[in-house]
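2 protein chains.
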Amino acid sequence: MPTAGILIIGNEILSGKVADENSPYLCRELRGLGVDTERILTIPDDVQVIAAELKVLSDAYDFVFTSGGIGPTHDDLTIEGVAAAFGVAIEHSDSIEERIRRATGKEPSETLLRMARVPAGAQLLDSGDRWFPLVVVKNVYIFPGVPELLRKKFESSRELFRGIPFVLKKVFVRQNESEIAPMLNELLEQYPELLLGSYPRIGQESFHVMLTLESRDPGYVQDALDALLEKLPERAIHRVE
Amino acid sequence: MPTAGILIIGNEILSGKVADENSPYLCRELRGLGVDTERILTIPDDVQVIAAELKVLSDAYDFVFTSGGIGPTHDDLTIEGVAAAFGVAIEHSDSIEERIRRATGKEPSETLLRMARVPAGAQLLDSGDRWFPLVVVKNVYIFPGVPELLRKKFESSRELFRGIPFVLKKVFVRQNESEIAPMLNELLEQYPELLLGSYPRIGQESFHVMLTLESRDPGYVQDALDALLEKLPERAIHRVE
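Protein sequences appear in the order of chains A and B.
Everything in the first sequence is counted per the numbering used here, starting at 1 for the first residue and increasing by one.
Everything in the second sequence is counted per the numbering used here, starting at 1 for the first residue and increasing by one.
These are calculated hints, taken from the structure and not from any lab test.
Computed from a predicted structure; not experimentally measured.
Among these hints, one or two may not hold up.
Identical chains share a label here; the pair holds if one copy fits it or two copies do between them.
Claimed, not checked - Subject to a maximum C-alpha distance of 25 Å in a straight line, what follows is the list of computed BS3-like cross-link-like pairs (lysine-lysine):
| id | residue 1 | residue 2 |
| --- | --- | --- |
| 1 | Lys170 | Lys138 |
| 2 | Lys152 | Lys17 |
| 3 | Lys169 | Lys231 |
| 4 | Lys138 | Lys169 |
| 5 | Lys106 | Lys55 |
| 6 | Lys152 | Lys138 |
| 7 | Lys55 | Lys231 |
| 8 | Lys106 | Lys17 |
| 9 | Lys169 | Lys55 |
| 10 | Lys170 | Lys17 |
| 11 | Lys169 | Lys17 |
| 12 | Lys17 | Lys55 |
| 13 | Lys106 | Lys170 |
| 14 | Lys138 | Lys55 |
| 15 | Lys231 | Lys170 |
| 16 | Lys170 | Lys152 |
| 17 | Lys231 | Lys138 |
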């Protein structure tokens, strides 16, 4: 099954000025596509840090998604970081320059031309309705940090990442986690391949715990769900989704 | 200045089932206290992964905050992970057992007693209005994953982490990022110690970019702000905060 690492690049997230909307979106979308996200890492705008962490993620996972640091300003250092991670130079892309010219209808400023710089050997994938392409270096997909743009780019390239999706069942339970924990342990002994999650909720009147049952095998998850529902007292079950 | 790393432990975040509210909260609060958050890392519920990543974070930063994995169920592995990170055993805490007994008014079940296990040598900090203490091992502060509980625990222990806070000014600009980038570069040459952020916003009619100016020296940030406002054309400034 394909695996993924997500690298969020941006001081604005670490300093609490902006909340990261991109990793929750990517995790949800990748899960739906059958891709296992194994790490999310948020780091500062620093070329050496970007390079070092990206190398580790690129070696460890099938796909790496970066978010942020590809605009025209001083703190946009992702292209430098990716190039340093793979020990390649930064090249000027005539194709991107031409796109900027077409999009703006005029001669690009020096600042805008910063956005035509790509790591040597990068692939440019045209996707979505924006002028700029998705830049890909080895298994690293370089996405913009602005959530609306990241989503558009991802939506138009999502089929690149498809694996075998998980089947998810949710059981909302009225009992406390400590009361049902023994039943969950029993269930896992019977269904060792089941991905079983247990999430207490506070301030919900109608249930106390959301249980999630997952597998890529629909029959397996259904059998496990049936077994769980038999173990739980009927009054404990608020609803099943 | 104190630095921090945040370790979010939970398959539910990586699989996109639950959005992480804890790291945005901690980043914001720590920034207000003058602590620099340098990494946020989200990892699966896996003892070996928790141990390995925690060791790296504990060596690199002054404070490490973990979130998640301390409940009574099968996927709550943070205590094991912390113990493995520092090569210490897991001990039963009579003091926590006694707190559970007081809080519930009865003999604790085996499941609840799981919550009385702590890494050997852990400090227990009483804080807030909940029965369970904040468990601290070296520079690692072990917080619950449920956002309401994490906030209560953090609010009652925040003075442990106070450094010298940043002064933040925001300038909302009507021009595009590529138009103002040269002025920003000039500003940084004059004020090399300034933390300057530039964040394009889409779908905002009244401004296109939010600029943030920060420093721990209030005079320095004010001088830089004055210099920036002189550089920008007056019509370009939407507002200053």
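Report task. State whether the alpha carbon distance between Lys169 and Lys231 is at most 25 Å within one copy, between copies, both, or neither. Result -> within (16 Å within a copy, 57 Å between copies)
Query - Up to 25 Å CA-CA - Lys169 versus Lys138, copy category - result: Intra 35 Å, inter 40 Å, cutoff 25 Å: neither.
Query raised in the report: Is it within, between, both, or neither for Lys169 and Lys55, if the alpha carbons may be no more than 25 Å apart?
Result: Answer is neither: 36 Å inside a copy and 35 Å across each miss the 25 Å cutoff.
**Report entry** Within, between, both or neither, where Lys170 and Lys152 count as close if Cα-Cα is 25 Å or less
**Finding:** neither (29 Å within a copy, 28 Å between copies)
Report task. Please work out whether the CA atoms of Lys152 and Lys17 approach to 25 Å or closer within one copy, between two copies, in both situations, or in neither? Result -> both (24 Å within a copy, 21 Å between copies)
Query raised in the report: Can you tell me if Lys170 and Lys17 fall within 25 Å by alpha carbon in one copy, between copies, both or neither?
Result: between (34 Å within a copy, 11 Å between copies)
Query raised in the report: Is the C-alpha distance from Lys106 to Lys17 at most 25 Å within one copy, between copies, in both cases, or in neither?
Result: Answer is neither; intra-copy 35 Å and inter-copy 45 Å both fail.
Query raised in the report: How would you label the pair Lys106, Lys170 (within, between, both, or neither) given a Cα cut-off of 25 Å?
Result: neither (54 Å within a copy, 31 Å between copies)
Query raised in the report: Using 25 Å as the alpha-carbon threshold, which applies to Lys170 and Lys138: within, between, both, or neither?
Result: Neither way: Lys170 and Lys138 sit 37 Å apart in one copy and 38 Å across, limit 25 Å.
Query raised in the report: Is it within, between, both or neither when you check Lys138 against Lys55 at 25 Å Cα-Cα?
Result: within (11 Å within a copy, 30 Å between copies)
**Report entry** Intra- versus inter-copy proximity for Lys138 and Lys231 (alpha-carbon distance at most 25 Å)
**Finding:** neither (48 Å within a copy, 41 Å between copies)
Query raised in the report: Using 25 Å as the alpha-carbon threshold, which applies to Lys17 and Lys55: within, between, both, or neither?
Result: neither (27 Å within a copy, 28 Å between copies)
Figure legend: structure checked against the earlier numbered hints; hints not met, in rising order: 1, 4, 5, 7, 8, 9, 12, 13, 16, 17.
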